[in-house]
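Here the sequence shown is numbered in the working numbering, starting from 578 and rising by one per residue.
Check the hints yourself; a few may be wrong.
[Claimed, not checked] In silico SDA-like cross-links for lysine to any residue, where the CA-CA straight-line distance does not exceed 25 Å:
1. Lys690 x Leu1107
2. Lys962 x Gly1147
3. Lys757 x Gln818
4. Lys982 x Ser1006
5. Lys690 x Lys982
[Claimed, not checked] Distance ranges between label pairs, derived from CB positions:
6. Ser952 x Ala1094: 47 to 57 Å
7. Lys1161 x Pro666: 56 to 66 Å
8. Ile661 x Asn868: 50 to 60 Å
9. Asp939 x Ser748: 17 to 27 Å
10. Glu644 x Asp1134: 16 to 26 Å
11. Asn706 x Thr815: 33 to 43 Å
12. Asn706 x Tyr983: 52 to 62 Å
13. Ile1131 x Asn1065: 45 to 55 Å
14. Gln655 x Asn706: 31 to 41 Å
Hints in this document: simulated from the structure, not taken from any laboratory.
In this text, a Cβ means the ideal position worked out from N, Cα and C, and glycines have one as well.
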Amino acid sequence: MNHLLKILASLGWLLLVGQPATAQDREKEEGIPEGAAEPEHLKMRYEGNDRRRTGFEPAAVKPSTIEELNRAMTQRMQLAEESIFKHYPVRSIGPNVMSGRVTDLAVNEQNPKIFYVGYASGGVFKTVNNGHTFDPIFDHQRALGIGDIALAPSDPNVLWVGTGENNSSRSSYAGAGVYKSTDAGKTWQFTGLDFTQHIGRIVIHPQRPEVVWVAAMGALYSTNRDRGLYKTTDGGKTWKQTLFVNDSTGVIDLVINPQNPDQLWAATWQRLRNPGNFVGNGEGSAIYVSNDGGETWQPSMSGFPKGGSVGRIGLDICLSKPSVLYAVVDNQEEIRKEKKKEADKKNEKEKDKEKSRLKREDFRSMDARTFLALSDADLDTFLLKNNFPKKYNAGVVKNEVRQGKYQPKALYDYFGEDNDANTNLFETSIKGAEVYRSDDYGATWRKVNTKALDGLYYTYGYYFGQIKVTPDNPERVFTWGVPLVVSNDGGKTFTLTDTSGRVHSDHHAMWIDPKDAGHIINGNDGGVNLSYDGGKTWTHLNHPNVGQFYTVMIDMDTPYNVYGGLQDNGIYYGSSQTKPNEGKDWEPVDEETVCLWPLTLERQYYLYRFQL
578 MNHLLKILAS
588 LGWLLLVGQP
598 ATAQDREKEE
608 GIPEGAAEPE
618 HLKMRYEGND
628 RRRTGFEPAA
638 VKPSTIEELN
648 RAMTQRMQLA
658 EESIFKHYPV
668 RSIGPNVMSG
678 RVTDLAVNEQ
688 NPKIFYVGYA
698 SGGVFKTVNN
708 GHTFDPIFDH
718 QRALGIGDIA
728 LAPSDPNVLW
738 VGTGENNSSR
748 SSYAGAGVYK
758 STDAGKTWQF
768 TGLDFTQHIG
778 RIVIHPQRPE
788 VVWVAAMGAL
798 YSTNRDRGLY
808 KTTDGGKTWK
818 QTLFVNDSTG
828 VIDLVINPQN
838 PDQLWAATWQ
848 RLRNPGNFVG
858 NGEGSAIYVS
868 NDGGETWQPS
878 MSGFPKGGSV
888 GRIGLDICLS
898 KPSVLYAVVD
908 NQEEIRKEKK
918 KEADKKNEKE
928 KDKEKSRLKR
938 EDFRSMDART
948 FLALSDADLD
958 TFLLKNNFPK
968 KYNAGVVKNE
978 VRQGKYQPKA
988 LYDYFGEDND
998 ANTNLFETSI
1008 KGAEVYRSDD
1018 YGATWRKVNT
1028 KALDGLYYTY
1038 GYYFGQIKVT
1048 PDNPERVFTW
1058 GVPLVVSNDG
1068 GKTFTLTDTS
1078 GRVHSDHHAM
1088 WIDPKDAGHI
1098 INGNDGGVNL
1108 SYDGGKTWTH
1118 LNHPNVGQFY
1128 TVMIDMDTPY
1138 NVYGGLQDNG
1148 IYYGSSQTKP
1158 NEGKDWEPVD
1168 EETVCLWPLT
1178 LERQYYLYRF
1188 QL
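Turn these sequences into a full structure, and let the hints guide you.
This is the structure we're talking about:
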């Protein structure tokens, strides 16, 4: 054991025996800014763009070629066929208490009780009974990460799936092309585009199901020329790339004029990641229009933001009035001067109050005597507003400083010397989410939101970026980020519409019934929600076992328990004997267990990472 501890220490890990440690690395990133809409019980980890003026360093290892990827896939399938475990029975043990990240929805509008759900890493599930039960229909294809799914309007048996999540997070995994089913998901045909990696949107011709357009984002961690807009006129046998901007700009969204299928609009997005940086905006981000069925494209940017600050763009068109289009843009332009003007408008009393509050900088050179003389109320306010772990109140911190456990400067160092992530996230002022409208088929655009959409994107609009217009009312429009918001005045003002019912934060997909605008299906980081009153109240369809696990471990109990950390859903454990929807389900673990030493549920070793 001593030898193991030395190894762990040399790698920058800390082993604690018998009880969980305080997970400061997680807690210091959590918290809710003043005025934000996110519920307290759904605190989440934020991931923001890096705004340092440094160059983007490409990965040191060259990306795999399409030939290498296909050889690896062929080898994997061959090994699966030869595996001694090929016929070994496998059963699901859950958890069923939470769902996972939804990326898209497709609904049979001839029979809305039948719909499909695509998950970030869980494949595609189908329901034929309005969400009472779901069945997986895509489990045996080459990739389970889903970017977009689409049903042919003229034939609901024709279903297309584009693999590779389009949200561009660190946990967004590359796909393996595009698939088609002609029997409502019973069987699948691979139709190519296998190096597009992340699919933004699929649009199928309203009357001709063999005509399909695919918006491809391309690689997330490297440049490639396979991104852009593709069109097929023979059901996927052949493809033509009709829109290409550059090797770091793909197409993230695509809409079609339902009354004139030769007219389409595409949103391009320049984005690229490496392990330590994310570029989510650039000159390549723009709106394009085609009037010849997607064969040629021209910019459609009159009145719309242009330049290096333009990030992800979402588009939608009003089905009953297709001259009306909406666009939501993640505008990364900094507005520090405007923020200062807003601060100047505060009354003098409020200004004095701000000046008297403790700030992180105050602790950089503060001695212990001065620190111990601080007001407990002022210190508690500082700790609360800066999202310190709850156990650290003024009394505790003062007592530990008094005992010499650390100096007051520790409160300054808590967020790091040079890069205060919390401050960068909540105090860096950018324009953020903006809503634009066109009333002339995209010829001109104008900004319509009269107030800043604060608390919608923060600094990670690349995770959201979609908008939806009610089919029969061009003045009613939804957009989303952490919360789901709706406007009833053409995008001028927005209000929350995800507060009644068990609705998880972080929204990614929506369908509105063209025959009944009150019937809405919503997909988010916690699964699927259903509304019949236009979003006033919601029901959570929490049946599919599709939780997105980051880590999974077991203990040595009999029967053994399984533990895992889920994306945006905390840490859960359950018995290996669990039967979903029967008996006891998985339960939450209080702390964020990164690694579990395999003993028993009563006595566990928790492993946490820290920096040396």
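Quiz prompt | List of violated hint numbers, smallest to largest | solution = 4, 5, 7, 9 and 10
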